[in-house]
Amino acid sequence: MKVLSLLLVMGFGFAHAQAEPECTTDALLTYNISYKGQGQELKIYRQDQRVLRVFSVKGMTEGWNKTPTGRLKLTRYFDMDKQGIEYQPGEEESLGKKTWQQIQMGVPPNITQHMNLVSTQGTGCQLIETYESPDKKETYSWYPQRQVLLQYNSERGNPLSWTLTSDKTGNFDQAFALREEYRLIDYADIGDREDDPFVKKMINWGFIDHGASGFYDHHGHALPGQHHGQHHEQLQGQVQDESHGHSH
Amino acid sequence: MKLLPVFSLTPALLLAACSSTPIAQYEEPVDKTNAWFAQGEGAIAEKTEVFSQLKTQSGSAKNIILFVGDGMGISTITAARILDGQRKGLAGEENQLSFGQFPFSGLSKTYNVDAQTPDSAGTMSAMITGIKTDAGIISIDEDVERGDCSTVAGNEVMTALQMAEIAGLSTGIVSTARITHATPAATYSHSADRNWEDISDMPQEAVDQGCADIASQFVNFERNLEEKYAVEVDGIDVAMGGGRRHFLPKDAAFNSADAVSSTEGDRTDGRDLTAEWQELYPEGQYLIDQAGFDALDPATTNKVFALFNESHMHYEANRANDGAGEPSLSEMTQKAVQILQKNEKGFFLMVESGRVDHAHHAGNAYNALSEAVELSNAVQVAQELTSSDDTLIIVTADHSHVFTIAGYPKRGNPILGKVVGIGEQEPTLAADGMPYTTLGYANGRGFQDLGDETDADVAYSLDINTGRKDISDINTEAPGYHQEALIPRDSETHAGEDVGIFASGPGGHLVTGTNEQSVIFHVMNHAGGLSAKAAAAMTKENSETEE
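Those protein sequences? They're chains S and X, same order as listed. 248 is the number that my numbering gives the last residue of the first sequence; the numbers go up by one with no jumps. 795 is the number that my numbering gives the last residue of the second sequence; the numbers go up by one with no jumps.
By construction, these hints were calculated from the structure, which means they are not laboratory data. From the three backbone atoms N, C-alpha and C, an ideal C-beta is built for every residue, glycine too. A hint or two may mislead.
[Claimed, not checked] Label pairs and their computed distance ranges (CB to CB):
{"no.": "1", "chain 1": "S", "residue 1": "Thr99", "chain 2": "X", "residue 2": "Ala291", "range": "54 to 64 Å"}
{"no.": "2", "chain 1": "X", "residue 1": "Glu674", "chain 2": "S", "residue 2": "Ala177", "range": "28 to 38 Å"}
{"no.": "3", "chain 1": "X", "residue 1": "Lys476", "chain 2": "S", "residue 2": "Glu181", "range": "26 to 36 Å"}
[Unchecked claim] When the alpha-carbon atoms are kept at most 30 Å apart in a straight line, the in silico BS3-like pairs for lysine-lysine are as follows:
{"no.": "4", "chain 1": "S", "residue 1": "Lys201", "chain 2": "S", "residue 2": "Lys66"}
{"no.": "5", "chain 1": "S", "residue 1": "Lys200", "chain 2": "S", "residue 2": "Lys82"}
{"no.": "6", "chain 1": "S", "residue 1": "Lys168", "chain 2": "X", "residue 2": "Lys498"}
{"no.": "7", "chain 1": "S", "residue 1": "Lys201", "chain 2": "S", "residue 2": "Lys43"}
{"no.": "8", "chain 1": "S", "residue 1": "Lys98", "chain 2": "S", "residue 2": "Lys43"}
{"no.": "9", "chain 1": "X", "residue 1": "Lys593", "chain 2": "X", "residue 2": "Lys476"}
{"no.": "10", "chain 1": "X", "residue 1": "Lys357", "chain 2": "X", "residue 2": "Lys781"}
{"no.": "11", "chain 1": "S", "residue 1": "Lys98", "chain 2": "S", "residue 2": "Lys200"}
{"no.": "12", "chain 1": "S", "residue 1": "Lys66", "chain 2": "X", "residue 2": "Lys498"}
{"no.": "13", "chain 1": "S", "residue 1": "Lys201", "chain 2": "S", "residue 2": "Lys82"}
{"no.": "14", "chain 1": "S", "residue 1": "Lys98", "chain 2": "X", "residue 2": "Lys717"}
{"no.": "15", "chain 1": "X", "residue 1": "Lys717", "chain 2": "S", "residue 2": "Lys201"}
{"no.": "16", "chain 1": "X", "residue 1": "Lys280", "chain 2": "X", "residue 2": "Lys336"}
{"no.": "17", "chain 1": "S", "residue 1": "Lys200", "chain 2": "X", "residue 2": "Lys717"}
{"no.": "18", "chain 1": "X", "residue 1": "Lys303", "chain 2": "X", "residue 2": "Lys590"}
{"no.": "19", "chain 1": "S", "residue 1": "Lys66", "chain 2": "S", "residue 2": "Lys98"}
{"no.": "20", "chain 1": "X", "residue 1": "Lys788", "chain 2": "X", "residue 2": "Lys303"}
{"no.": "21", "chain 1": "X", "residue 1": "Lys498", "chain 2": "S", "residue 2": "Lys201"}
{"no.": "22", "chain 1": "S", "residue 1": "Lys82", "chain 2": "S", "residue 2": "Lys98"}
{"no.": "23", "chain 1": "S", "residue 1": "Lys43", "chain 2": "S", "residue 2": "Lys168"}
{"no.": "24", "chain 1": "S", "residue 1": "Lys36", "chain 2": "S", "residue 2": "Lys98"}
{"no.": "25", "chain 1": "X", "residue 1": "Lys280", "chain 2": "X", "residue 2": "Lys295"}
{"no.": "26", "chain 1": "S", "residue 1": "Lys82", "chain 2": "S", "residue 2": "Lys168"}
{"no.": "27", "chain 1": "X", "residue 1": "Lys303", "chain 2": "X", "residue 2": "Lys357"}
{"no.": "28", "chain 1": "X", "residue 1": "Lys303", "chain 2": "X", "residue 2": "Lys781"}
{"no.": "29", "chain 1": "S", "residue 1": "Lys200", "chain 2": "X", "residue 2": "Lys498"}
{"no.": "30", "chain 1": "S", "residue 1": "Lys43", "chain 2": "X", "residue 2": "Lys498"}
{"no.": "31", "chain 1": "X", "residue 1": "Lys593", "chain 2": "X", "residue 2": "Lys788"}
{"no.": "32", "chain 1": "X", "residue 1": "Lys357", "chain 2": "X", "residue 2": "Lys295"}
{"no.": "33", "chain 1": "S", "residue 1": "Lys200", "chain 2": "X", "residue 2": "Lys781"}
{"no.": "34", "chain 1": "X", "residue 1": "Lys498", "chain 2": "S", "residue 2": "Lys82"}
{"no.": "35", "chain 1": "X", "residue 1": "Lys498", "chain 2": "S", "residue 2": "Lys98"}
{"no.": "36", "chain 1": "S", "residue 1": "Lys168", "chain 2": "S", "residue 2": "Lys98"}
Isolated chain X (complex conformation) (with noise of 0.2 Å):
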């Protein structure tokens, strides 16, 4: 027998070459007994049971729910889930929002075509359309110039929404901002430009050229459609949020029941838009207030058009002062829900959350946060109504904010707080000598102490105030506290990095990766199979015609 060299052999197979003694069993070098271990383990087990069961085929997904925190960025996201989890009596860090408990989730890259550093029209433009754009613009591609109109006609860019409504989808927006606002806007209309809500918004160029104004689009939507896709829908299902001044005249007569302003309609042309598309829908319900949306029932209900206020609806920390009251995110989430979900087709809705990036803008972070606490209740209620064997939700932010989470707090530390360190007791000192909180803006209009202030846009009226404040007895907790910020500018800025992506149900591990933010219309696309369906209905219409 040819002798094998000797340090060929691992001492095992040396001795069971050398004698019959079992072959020593060496255990696994880990402690399966230490918690953090067990629950790594446990989430390896989840997601290799979900990974077995992916649904890839196009078309898996009935019903799509696309959430849009606008401004929602990782450290917002992050900073929010420590927050929920102290509120609800834990140390917060280890507490998880609604939708970190996706399965699947990636980056995206949130940049425009113009734009580093983007803005919400041409980022919820790229997210719905699948085609980045440029800054400002709403669903249409690069080809337009901002703000003139004669360069959108061939342009416009179908949406996904609009591909679920051909398809026989039912289809819903929901927004705190205004509906005629650059996010929920980007899904049923197109515009050269993101401020032309109503038609006083307009240069008189535009209006004679023969641009809508996105008011005027969305209630003019069915017909739009119809025209240009020789196709038979039916309308928005369900559209709830703010903004009721791009509806009405500038007409005090028809100032609402809880109008503020003296006039509360802007627009220059006469239309009531509230009252025509009442027409268009008689048996829609028309609602301006908590009464008239606590009265609304999912069962009976198969068209809703709701504004909740003359502009954007009040911070989830301050809806207690609306005069005639505003639902919540997570109620106007639920009762769209039962509503579109009668569809035995499916459904396609767009909830965004609004304010996170205006309470980011007046650099309050109590506001920003309690914002996308109140996005995660939504995404949960929204969970509980659907299945994942057939819902895909997504949750994703348009944009990111310069907000950051610094310093080296201990574990638990209050994150609205002063950073105090582990062991410590006592704020940590910078090295001016003064303490700092644990939440910091890179630029903005800087620190403010306004109390128990919940509306984070007093402090527009303020002077700005950047760079460091002696805060050592200040309660930096208060919802009025405006953290400090660098850079002196009118108003804290958009942020450039990547935001997260978090999906569940039919199609959601395709949002896996680092991706161009409009992939996000392609993973909502190959889940719900909705351009192929609108063409098959696009199909079945002309058709259908030319017999």
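Okay, chain S solo, but in the shape it has when bound (with noise of 0.2 Å):
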């Protein structure tokens, strides 16, 4: 399974080496992650320094920001209220030390440091790094250019992977401005809004599920999310995310 997982990635690459797309990190990247045994869907809106992670079936989206002294700044969406909560820069670093890279890639590059280069496929934007654990549990597949995570697969204790379904490159500007229409409450605020019907279904909606957070150490390790969330009914009529831009 795993040759043939390789196999895939290869031929993704191959495809998509073929279009010479820019080498630019900014791009929309879908994800399916599956995780013990269950599936989701993840998108990855990356435009200068600014990251949507959109979670359609939960109908929420994190938004992230980089400040111009490098402090990592999030707004929680909820898509189906157009509303959110935003966080004074800082806080999430302190609940996992989550770097730039984790919040882009999902999983971070650095986790191949206790792993084999095994294969490497096409040239500058286009090249594709392949690693493996020396014990063959663990593959890694990536842009090393772009930044861009092709595929990871991880058979160390719960089953996980990570495979890019889709890359566009465009302009994003309308998924990001979409929710900077909502309205939003500083999570400070949260104890002086009880009156507010939203803050406390909110807060007790809880964001995401442990250990799909979108979020791994460097040991490939998925960091545990911040709720036990409670799973919303799949959003009807998703959120039109306008992405103007061409696949690789």
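Relying on the hints, combine the two individually framed chains into one complex.
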């Protein structure tokens, strides 16, 4: 199965190699994440110093931006209600030491520190590197120039896989602009907003399930989510994020 | 000679009647060598002196400073006093915060017209207007319907700051919360909803009906007052705090140099209120960071508008984490007083420690008490810069929190620590066999062990975790420790019991007793003669106009 996965990755990369896209980290990346036998889709919009991580099934988006001083600021958007909670920079760092790479890529490349480079393919922006752990329980493929994860598989403990299913470049202003129209509340103000029905609902919803936070440390260990999230009904009519661009 | 019945005579008198022996003099049955006793006697002497020199005449206070510790109930004050003392190397209990040494104190009943346990808007409105109103309302009487702009007109109530302004005093507001947040907002604006901090927070209907958002009312304070009362004023002289986002357009081009959001401003009307303010006051100083604050010279500055953060300012314990630096509450108070006191007519200043409340909501005593200690420092600064002969200083809270000091810890036990009983070295165990902290909350998000984390609000992104925990191996004195709570809630709540009022200076004695919270305005008004001076100024203006 692992060999097949590697072949698929190489084929994916080969097909993309023919398109000659720009070497940019800006992108709309769609991943299928399978963890503990459960799958979910994660879309990651990357543009300049901003990232949106869209969990459509849960109706929730994480918005990250890097401040001029390099700190990370999080805003959680609740897409069904078009409202959100914003945090002071740095709070999320204190809860797992998230890095910009983790936010942009999900599984950061420093996970390969304990792996061996087993193959390379392509050149420049389309260079693909594939790593495998000595015990062959983990594989990691990525575009190092574009900082894009292609595929990650782990059979340590709970089976985990990240698979890039779509890779688009272009302008994604609309996706960000859509959420900038949401009504936001400081989470420092939550205590003073008990009268707001949405505030009560937001807090008790929970955010992202344990183990499926979309963040992994350099050992490939899933970082726990911040809440035992309650699953929402699948978003009826997903948020239409217009992405103007082309696929790799 | 008629003999008097023997039983009607005291032994001494009987002896005197029957002999020439001098009357025995009993000594007072007290131990004056006891330190506690001596301290008590000294206190009576001081109080007697103070009460003999009361300034009761209206208008005796040239200056008025109102300090509000948002959420700073009695248990918070007591615990903060102990923590402050312990930080100084004392046992703690015998310590006094600055305002704990004020000669006058009383209690304030904090309920709103429609709420047994109140919120900051209705409570501050009561303190600053003399009239109680509903929860969530900013300086409008109870005839208003929350959120309904059409019920505002005619129900606005003039505030003490507005009166002071009309009377020709210099005026200022300082807060560690957003300047548009409930407590500071109540001093200068009127709003049917405390959440209408900028136009994007308002329903379109309210905008169409002519209600102005709170930030807009701040910038238009001078014009609004002049139009409504046909007077000549010069606007709020000092305003320092957070909340920059409510004054800037929702356009990244207007981001401040230290913006942390990709788009800092929230306003959807395209207005840059910081620029409007600067245009109104070309000589005024608009500041956003520590460097600007440090460069501010009170001797030559007459107008300052400082917004140090997009939203609230940092907790005092977390202030070092601000990218561009923020001054402390005591630093802001110092410069505010120095600027305002140049006015020979006097000044009115409101200083709020806005984040005791936030820390309690997050269930974090360390930050709540640190904020209260910093408020004490700010009061100390104000005292040193002014004279109790002509300056009324009031320190109070808008409401309390469900924060308790419990168990039987021995004298000097770390206030943030686990209960260790008299004569013991090990923590006392509860009936469940586990230790417990002196401090706790009746409700809230409950226990968290976040170690050195100094931002109390981090707890909101973690699971609610109420009930008993085994804290045997946990350092409960660390900044990031959130105390156990009983009832699970999204956030810890306000409490409904009375809060303290502490006063010094002319009229301060009037806080004595158990008062409706609205009486605080009346104390200030009597002491400063505010409404009378405002009326005199309005009369003079209008008579000059008629001429």
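Mind listing which of the numbered hints don't hold for this structure, in increasing order? 2, 33
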